[in-house]
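Please put together the full structure from these sequences, using the hints given.
Using my numbering, the first residue of the sequence shown is number 1, and each one after it goes up by one.
Hints may be right or wrong, so weigh each one.
Cβ-Cβ distance ranges computed for the label pairs, FRET-style [said to hold, decoys possible]:
hint, residue 1, residue 2, range
1, Y133, D33, 13 to 21 Å
2, G77, H107, 34 to 42 Å
3, A51, I125, 43 to 51 Å
4, R100, N9, 30 to 38 Å
5, E120, D33, 16 to 24 Å
6, E115, R59, 33 to 41 Å
7, G6, K101, 22 to 30 Å
Since the hints were made in silico from the structure, they are not lab data. The structure displayed is predicted, hence computed values, not measured ones. Each residue gets a CB set at the ideal place from its N, CA and C atoms; glycine is no exception.
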Amino acid sequence: MDKSSGIANDIGRSGLKRTKHRTVILEILEKSDQPMTAEQIFLKMGQEGIAVSLSTVYRAVESLAQKKLVTALEISGSNKTLFEYNRKIHRHYLVCLGCRKIRAIAHCPLKDYEEDLAAETDYLISGHKLVIYGYCPDCRKNAAMTPKEWS
Numbered sequence: 001m002d003k004s005s006g007i008a009n010d011i012g013r014s015g016l017k018r019t020k021h022r023t024v025i026l027e028i029l030e031k032s033d034q035p036m037t038a039e040q041i042f043l044k045m046g047q048e049g050i051a052v053s054l055s056t057v058y059r060a061v062e063s064l065a066q067k068k069l070v071t072a073l074e075i076s077g078s079n080k081t082l083f084e085y086n087r088k089i090h091r092h093y094l095v096c097l098g099c100r101k102i103r104a105i106a107h108c109p110l111k112d113y114e115e116d117l118a119a120e121t122d123y124l125i126s127g128h129k130l131v132i133y134g135y136c137p138d139c140r141k142n143a144a145m146t147p148k149e150w151s
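Here it is in C-alpha cells:
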C-alpha cells in the first residue's frame, strides 16, 4: 500500500470524509521536516498545481487536528498556529528567535521529572509540552553576536 492510500484510510477511520484536499494536506505535512502554517500548506498546494482556497485549507487542518491526524503547535510570540502530521510520538521543539526555524528535539528530557512530580504531588499527569527558544547557529553566525548577547 502506498502512503496516499494509508493516509486516505487514516482519514476514513477518523470519521472524516476522504477528500483530495485533506489527503494532499496530510501528504504535505507527512513529508515536511518542520511544522507548517495553513498559509505555507496553501502555498505548497499551489506549487503542486492544486487549486484550493486558503479558507478551505484552514477548515481542513482544523478538522484534521480535531481528529488528531495532525497536531497543532502554538509558538510564543507568534500569532500563527503551526501544524504537523501526527506521527504518534512525543515531541519537543527548539525555536530560533532569529529565523523562526523549528527543530524537533529527539528525546524527552522531562520524562523522569514528570514521574517524580506525579509521585510528589499525587497528580495523574496527562502530558506536557516543551518549547525552547534561542538562536540557531546560522543566525548567530550571520549576526556576528558575541556569546554574552545570545541570551
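>> Hint by hint, where does the structure go against what was stated? Just the numbers, ascending.
In response: Of the numbered hints, 2, 5 do not hold.
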